[in-house]
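Next come the chains, spelled out residue by residue.
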Amino acid sequence: MADLRTEFAGIASPNPFWLASAPPTDKAYNVVRAFRAGWGGVVWKTLGEEGPPVVNVNGPRYGAVWGADRRLLGLNNIELITDRPLEVNLREIKEVKRDWPDRAMVVSLMVPCEEQAWKAILPLVEETGADGIELNFGCPHGMSERGMGSAVGQVPEYIEMVTRWCKQTTRMPVIVKLTPNITDIRKPARAAKAGGADAVSLINTINSITSVDLDSFAPEPTIDGKGSHGGYCGPAVKPIALSMVSEIARDAETAGMPISGIGGVTTWRDAAEFLTLGAGNVQVCTAAMTYGFKVVQEMISGLSEWMDRKGFASVAEVSGRAVPNVTDWQHLNLNYVTKARIDQDLCIKCGRCYAACEDTSHQAIAMKPGRVFEVIDAECVACNLCVNVCPVEDCITMERLAPGSVDPRTGRTVQPDYANWTTHPNNPAATAAE
Amino acid sequence: MTNSSWTPGVVPGRLPAEAYALNFADLHPPLDPHEAAVAADRCYFCHDAPCITACPTSIDIPLFIRQISTGTPEAAARTIFEQNILGGMCARVCPTETLCEEACVREAAEGKPVEIGRLQRYATDTLMKAGVHPFTRGPATGKRVAVVGAGPAGLSCAHRLAMLGHDVTIVEAKEKPGGLNEYGIASYKTVEGFAQAEVAWLMQIGGIELRNGVALGRDVTLDELADSYDAVFLGIGLPGAYDIAGVAGNGIGSAVEFIRTLRQSTDLSGLPIGRNVVVIGGGMTAIDAAVQSRLLGAENVAVVYRRGRERMAASPYEQELAASKGVRLVFNAQPVAAHHGADGALEAVEFAYVADTPEGLRETGETIRLPADQVHVAIGQWLEPLGDALADVELDGTKLAVFEGGKVAPFGNVWAGGDCAAGGEDLTVTAVAEGRDAAMSIHAALSAA
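Going line by line, the protein sequences match chains A and B.
As numbered in our numbering, residues 788 to 1221 make up the first sequence, in order.
As numbered in our numbering, residues 9 to 457 make up the second sequence, in order.
Among the hints, erroneous ones may be present.
To be verified - Listed next, with one range per pair, are the computed distances between beta-carbon atoms:
1. B:R219 x A:L1133: 54 to 62 Å
2. B:D56 x A:T1197: 28 to 36 Å
3. B:E433 x A:L1133: 31 to 39 Å
4. B:P324 x A:G854: 29 to 37 Å
5. A:P1190 x B:D56: 45 to 53 Å
6. A:V1159 x B:T274: 29 to 37 Å
Just so you know, these hints were derived from the structure itself, not from any lab.
Where a beta carbon is used, it is the ideal one built from N, C-alpha and C, also for glycine.
All chains, please: the whole structure from these sequences, using the hints.
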């Protein structure tokens, strides 16, 4: 079995699966259950400054988007940071860390954007024996209206400033949690690095309204007839998170900075994908909130088995493996020509490929007597939509045309060499290939 | 209860009183909203879906299932009723395993089709329970059409004609409308008086006058109808049951009659049933009679069919249903004699084993004698009792020959559909399709005139 032990920003944990700062990590009871189930670490739900704690709404705080069979695909929440007294949280953090020394204990923090506020809370956290802190610059609802959370994360200068205050004050590693509610994720990541951050974690939740109640005409979740945007998470946000993680991983300014990948991790496969795009570990919330803490056991066994199969001895070997293959569109090989192929033995004759291609794409699938569906190579642009809508896995695949063969669509011979848009004759800015 | 399954002869009350309600309850209980949502989620919304092609009424099944899954079962019901006004009954009695569900791509994918029949029932029940009739009549045309027979074909035809603005008179020989829906379908497939409720719901369209107890030939002739109405539709079914030469006498009756009596009974415990029951035939009626005989408390019930299992008209699903109810299926045997005791009571039926050869059925010389107090004959039905009333009508084999749009010859304004008409399977859903299509043909003819 592969060794899943990881060291992330100097923090050791028995596996790369941490619970993200969220409702599941709000108190010792939950966290102890999580550790018993096998989670490698937790980021304790965000603490605020001393004094009367925040209050939450007393109506529903979650909304959801479902797929077939009411499978939860997206979740949104309007919950704030912990609404328990600071000293209770600190006491529990200390006890749990003492009882579970091998697990990562990171504490999420959010206090007003004032140096004194940050410098006041850091020693209190340090005293618990926690392994690190995560700066919550991501929470997009409620706290952001008070100038915290994503209100900070949307201003790179603030990120850098607060990060620096923290680094100056504490021995603990500082992880900066980024909001995706910005236009270019590299800017806040660079600011974190400039401020001295040991790592970034992303993504926090995305501004969202999950649905509208068509009787009361109010957004969900609805509180007394009104709704407020919440933070969206769960499987639906994974593609957005993967892209943002990869952007930071391949940015020259932030390359090499540890990244904790967050956003829709539900299975070992999701976790492996985050790792290959540059994450050093992952944080999970929605999967645990949907299925309970036990899901980590599938993540551990699945990742371990896959690593064994691939011959990877450590998580570090996996981390970043796909980053060199993330590129800009202009560098994609235009001589790579593929065609869809339908496996007639696997085909169940639903015709969805045909409907999709005929109605919305390139009329490249023929429907023949007996509901036999065949690709018309002379029309197929290899868009992959048929593969995506086919309900049977591997029934439709994209097969590469061998160099030297003729593409019936263009009538041109497939060239063996690599050629991209930068040198294409149709590109007005093309530079002649030498 | 004085009798049991072991009481000799043909006697009522073989079961404890409470067993009847249990035995004759809904075969497939309706889906609840959660079950319907789960079942609907399995539909792939196929292109030019095979299930639509397999449905004799061409219901847009993927569309209605999508309408269920998006929380609009009323819209789903309308999609169904647009093609098949008896969609509620068809959802209960269609052999979906040989129609839409056999064609479902998930049958190919996983051997488990989308539960189309039960979803259809979910949608149609929802709208019908709300008492909503989703159609209104078109502008009055002033044309009058007579429909003979208030079975599935006649009702379907009448409803479509009424929708199109014609005035319809249905004449029905029996006291109640519904045809085989009321008198012929197994009880557990259509519980709680659904057939009558459905007719009442259908009649909400308006413009349909129903005259029960009026029989073709006895009370009115085809010529009279053809003369006094702009058009006539014959949906008379197959009123006569074949019997078997040489197998007659006490204890032997038609399965159709047995089921009719059962369906009209208000107290099933009062229905006499044999201890040993033999059903002769291989279709749905045979299975319906056999299963209901068991449910009434018969100890031994056998269905004897003269050909092999693979030729049986009753689907594998129906065969399994029978087997699960304890019915014995005997193949490749045809009746040769009935044996009655000294007291005149039936004791046994003798069958000859037969081989199904390219030259036809050949007796092998071996026989088998099955104990029987009661025999239900289910070898088919025909037009015979109406022979005189239809003397002028051209036949195709034993049924009415139908030409373009369902017209019969030599009349210029008479159409036919359902079991009495040649072509198509003898199914409720086929009758509905033929009635509807004949209505469209009648409408076209009347509009052109």
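Here is how each hint holds up against the structure:
1. With their beta carbons about 58 Å apart, R219 (chain B) and L1133 (chain A) fall inside the hinted range of 54 to 62 Å.
2. Distance hint check: the CB atoms of D56 (chain B) and T1197 (chain A) are about 30 Å apart, consistent with the given range 28 to 36 Å.
3. Evaluation of the 31 to 39 Å hint for E433 (chain B) and L1133 (chain A) yields a pass: the beta carbon distance comes to about 32 Å.
4. Our hint of 29 to 37 Å for P324 (chain B) and G854 (chain A) holds, since their Cβ atoms are close to 34 Å apart.
5. Take P1190 (chain A) and D56 (chain B): their Cβ atoms lie about 38 Å apart, and the range 45 to 53 Å is violated.
6. Range check, V1159 (chain A) to T274 (chain B): Cβ separation about 55 Å, and the 29 to 37 Å hint is violated.
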